[in-house]
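Going down the list, the sequences are from chains U and H. So for the first sequence, the numbering used here puts the first residue at 1; every next one is plus one. So for the second sequence, the numbering used here puts the first residue at 1; every next one is plus one.
By construction, these hints were calculated from the structure, which means they are not laboratory data. One or more of the hints may lead you astray.
Over the 12 Å line for every Cβ pair with chain U, so calculated as not near, a few chain H residues [claimed, not checked]:
#  : residue
1  : Ile30
2  : Glu38
3  : Leu40
4  : Glu59
5  : Thr175
6  : Thr189
7  : Asn203
8  : Gly247
9  : Asp260
10 : Glu284
11 : Thr361
12 : Gln374
13 : Lys377
Only part of the chain H face toward chain U is listed, based on derived beta-carbon distances under 7 Å [to be verified]:
#  : residue
14 : Pro29
15 : Ser41
16 : Ser58
17 : Ser233
The beta-carbon is built from N, C-alpha and C at its ideal position, and this holds for glycine as well.
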Amino acid sequence: MYNENIFDYMRTEKLPHIWCPGCGHGIITASIVRAISNLKLDKNNIAFVSGIGCSGRTPGYLDFNTLHTTHGRSLTFSTGIKMAKPKLKVINVLGDGDALAIGGNHFIHACRRNIDITAIIYNNSIYGMTGGQFSPTTPDGFIASTTPYGNCDPSFDVVKLASAAGASFVARGDAFHVLQLDKILQKAIDHKGFSVVDVLTTCPTQLGRRNKMKKPWENLDYIANQTVSIKKYETMSENEKQGKFPIGIFIEEKRDEYVETYTKRVINKAKGRK
Amino acid sequence: MSKQKVMMGNHALSYGAVVSKVNVISAYPITPQTQVVELLSELCSNGALDSEFIKVESEHSAMAACIGASAVGARTFTATSAQGLALMHEMLHWAVGARTPVVMGNINRSMGPPWTIWSEQTDSLSQRDTGWLQIYASSNQEVYDSVPIAFKIAEHKKVQLPVMVVLDAFFLSHTSENVMMMDLDKAETYLPKYKPKHKLDVNEPYTFGALTTPEWYYELRYKIQKAHENAISVIEEAQSEFKDMFGREYGLVEEYKTADADTILVAISTAASTAKDTVDELREKGVKAGLLRLRFVRPFPFKKVREVLSSAKKILVLDRNLSPGIGGIIFQEIKSAMYNESNKAPIYGFIAGLGGRDITTETIHNIFEEAEKQDPKNIIWMEVKA
Numbered sequence: 001m002y003n004e005n006i007f008d009y010m011r012t013e014k015l016p017h018i019w020c021p022g023c024g025h026g027i028i029t030a031s032i033v034r035a036i037s038n039l040k041l042d043k044n045n046i047a048f049v050s051g052i053g054c055s056g057r058t059p060g061y062l063d064f065n066t067l068h069t070t071h072g073r074s075l076t077f078s079t080g081i082k083m084a085k086p087k088l089k090v091i092n093v094l095g096d097g098d099a100l101a102i103g104g105n106h107f108i109h110a111c112r113r114n115i116d117i118t119a120i121i122y123n124n125s126i127y128g129m130t131g132g133q134f135s136p137t138t139p140d141g142f143i144a145s146t147t148p149y150g151n152c153d154p155s156f157d158v159v160k161l162a163s164a165a166g167a168s169f170v171a172r173g174d175a176f177h178v179l180q181l182d183k184i185l186q187k188a189i190d191h192k193g194f195s196v197v198d199v200l201t202t203c204p205t206q207l208g209r210r211n212k213m214k215k216p217w218e219n220l221d222y223i224a225n226q227t228v229s230i231k232k233y234e235t236m237s238e239n240e241k242q243g244k245f246p247i248g249i250f251i252e253e254k255r256d257e258y259v260e261t262y263t264k265r266v267i268n269k270a271k272g273r274k
Numbered sequence: 001m002s003k004q005k006v007m008m009g010n011h012a013l014s015y016g017a018v019v020s021k022v023n024v025i026s027a028y029p030i031t032p033q034t035q036v037v038e039l040l041s042e043l044c045s046n047g048a049l050d051s052e053f054i055k056v057e058s059e060h061s062a063m064a065a066c067i068g069a070s071a072v073g074a075r076t077f078t079a080t081s082a083q084g085l086a087l088m089h090e091m092l093h094w095a096v097g098a099r100t101p102v103v104m105g106n107i108n109r110s111m112g113p114p115w116t117i118w119s120e121q122t123d124s125l126s127q128r129d130t131g132w133l134q135i136y137a138s139s140n141q142e143v144y145d146s147v148p149i150a151f152k153i154a155e156h157k158k159v160q161l162p163v164m165v166v167l168d169a170f171f172l173s174h175t176s177e178n179v180m181m182m183d184l185d186k187a188e189t190y191l192p193k194y195k196p197k198h199k200l201d202v203n204e205p206y207t208f209g210a211l212t213t214p215e216w217y218y219e220l221r222y223k224i225q226k227a228h229e230n231a232i233s234v235i236e237e238a239q240s241e242f243k244d245m246f247g248r249e250y251g252l253v254e255e256y257k258t259a260d261a262d263t264i265l266v267a268i269s270t271a272a273s274t275a276k277d278t279v280d281e282l283r284e285k286g287v288k289a290g291l292l293r294l295r296f297v298r299p300f301p302f303k304k305v306r307e308v309l310s311s312a313k314k315i316l317v318l319d320r321n322l323s324p325g326i327g328g329i330i331f332q333e334i335k336s337a338m339y340n341e342s343n344k345a346p347i348y349g350f351i352a353g354l355g356g357r358d359i360t361t362e363t364i365h366n367i368f369e370e371a372e373k374q375d376p377k378n379i380i381w382m383e384v385k386a
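Can you make the complete structure from the sequences, with help from the hints?
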């Protein structure tokens, strides 16, 4: 797993990062960089985009063409980048509130178009940066600063949402099973079309502290116990499936990519080409 | 005897909503506003506040939920900041056109990019054309008191418009000050239950927001302008009644040593309270300085501003905001207010403290000094790094 080349892709002068001690975001970020390094991608050919929240800080530490955009709208910025410069590899990191609450609409429409962007969701089930408000993936009954008596809102399943909306690559990984995450991210970035990776991660400061997982390892342990492989999940009874998240690749299909389709069916015709 | 509590500006805003007995609160998290709604959601959950707390997926939805709740006759409250306020923009116009008396706290934060969370007034001042009334507070006590005052004005049948209570990020939002609390029963006498003239009611059906042709839309806009004009006397009455009941006095503007002043500085928010110290120091040196703080920016207190500035020899305007291409927003407003007046004193516009940079007494001393050397035709930038 150790990859001495990852610092070639990082703005090391910006380190240490501002994430809290024990936060899982650093684990995901390193995994993304290893995936890029393993794919031997030219860093000058990558546009790395984020929205708002703790995940939004990620591009600050990475030595790509980076864009830190507004809350929930990062996929629309990415869509503009990809349409204007189709040769760029566009990687977009989002938080759970960012992708699924304020940006939910943009998320499903990016999936629907199958545009060649990799969307990686740092899913820690909470609004960490603003002080621990519950998000669309906060589990049932969990305490957040805006649910002092436990969350009663049902949560989104990112995998089901992205699959139904039309993404051609859909996977889930987590900050505990890092070797698997490296492989999933590598495939997601390499995939042509809209790829979604839901990465379950920790927030000991805002989620763990209020839900008996104050120590970072307790929060990580919770993630480890929550996740099972897709293969095992399929053999489990409905009862056993409760509260479990299958991890692995759910959808990996070759489908028409949006920029290519648009060029072929609109631009070429508009310019009188066949 | 009234209870005293040391609290940050954000909590002063929350307790202002509590004392106003709001029925519905809807909000989305954004720094530096979050503690406002955190405290409210806690107070709703533990029964201290008998309100519905609606959790939404964006600020746009938060304002939409407030407008909907207000239309059925509920007293509604929300709070936001900067990017969140900008996202609400469509709904801000809607709240005015629908004549829903929503009250909102806005914590003044600079607009991105580049990303920033620190104080500046450009976010709320750039919403001044939506038709919301705007109160700019300079202390936590004023934040707390302004919430029930805002509801009283907003719900008045001669006004029926939403009101924004605005406070500076960190300088007030996260700074603790002593606040005199109101007795809940007394507050209810001051601000009785909201009884709208028209509301969505199955027993007495009305349609809100229907298509209106050019035949009548024009008159509805006219009525909104009239409501702004009516608001001046409604505000004066509401604040005079507040003084009688709670002993604290607020005006449309705050005057500080302006009566005999040669040079008057015009400012809003916390920069104005800092300026009081500078005025005192200048007075000690024999300089006849004064301060005019606009507490209300909408409705614009034309009469009061003209009165206070009528005999000034020099008028200085401090803006912690920027309308790129034209300069400070308050500077433009003061110039337009004074244009037809007989006092043709020069008006100087100063920009300072953008992005939350501190405005100190020294900054304000320098403003008074610069006014001696500068041409009022220029936008004067304070403390710009070379």
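Checked hints:
1. At roughly 6 Å, the least C-beta separation between H/Ile30 and chain U is not larger than 12 Å, which violates its mark as non-interface.
2. H/Glu38, annotated as away from the interface, has a beta carbon of chain U within 12 Å; the closest lies near 5 Å.
3. With a least CB separation of 9 Å from chain U, H/Leu40 falls inside the 12 Å interface cut-off, contrary to its annotation.
4. For H/Glu59, the condition that its CB be more than 12 Å from all CB atoms of chain U is violated, with the nearest at approximately 8 Å.
5. Here H/Thr175 stays apart from chain U, with its beta-carbon at least about 17 Å from theirs, past the 12 Å limit.
6. Residue placement check: H/Thr189 keeps its beta carbon more than 12 Å from all beta carbons of chain U (closest about 31 Å).
7. Residue placement check: H/Asn203 keeps its beta carbon more than 12 Å from all beta carbons of chain U (closest about 31 Å).
8. The non-interface label for H/Gly247 is consistent with chain U: the shortest C-beta to C-beta separation is roughly 35 Å, beyond 12 Å.
9. Non-interface status of H/Asp260 relative to chain U is upheld: no Cβ of that chain comes within 12 Å, the nearest being about 48 Å off.
10. The beta carbon of H/Glu284 sits about 44 Å from the closest Cβ of chain U, which is more than 12 Å, so the claim that it is off the interface holds.
11. Once the 12 Å rule is applied to beta carbons, H/Thr361 is consistent with being away from chain U; the minimum gap is 33 Å.
12. H/Gln374, annotated as away from the interface, keeps every beta carbon of chain U farther than 12 Å; the closest lies near 37 Å.
13. With a closest Cβ-Cβ approach of about 37 Å to chain U, H/Lys377 is found to remain outside the 12 Å limit, as its non-interface label requires.
14. The restraint placing H/Pro29 at the interface with chain U holds, with a minimum CB-CB distance near 4 Å, inside the 7 Å limit.
15. At its closest, the beta carbon of H/Ser41 sits 4 Å from a beta carbon of chain U; the interface hint therefore holds under the 7 Å criterion.
16. Taking 7 Å as the C-beta contact cut-off toward chain U, the hint placing H/Ser58 at the interface holds, the least distance being around 4 Å.
17. Checking H/Ser233 against chain U: minimum C-beta separation of about 40 Å lies over 7 Å; hint violated.
Consistency with the previously given hints fails for numbers 1, 2, 3, 4, 17, ordered from lowest to highest.
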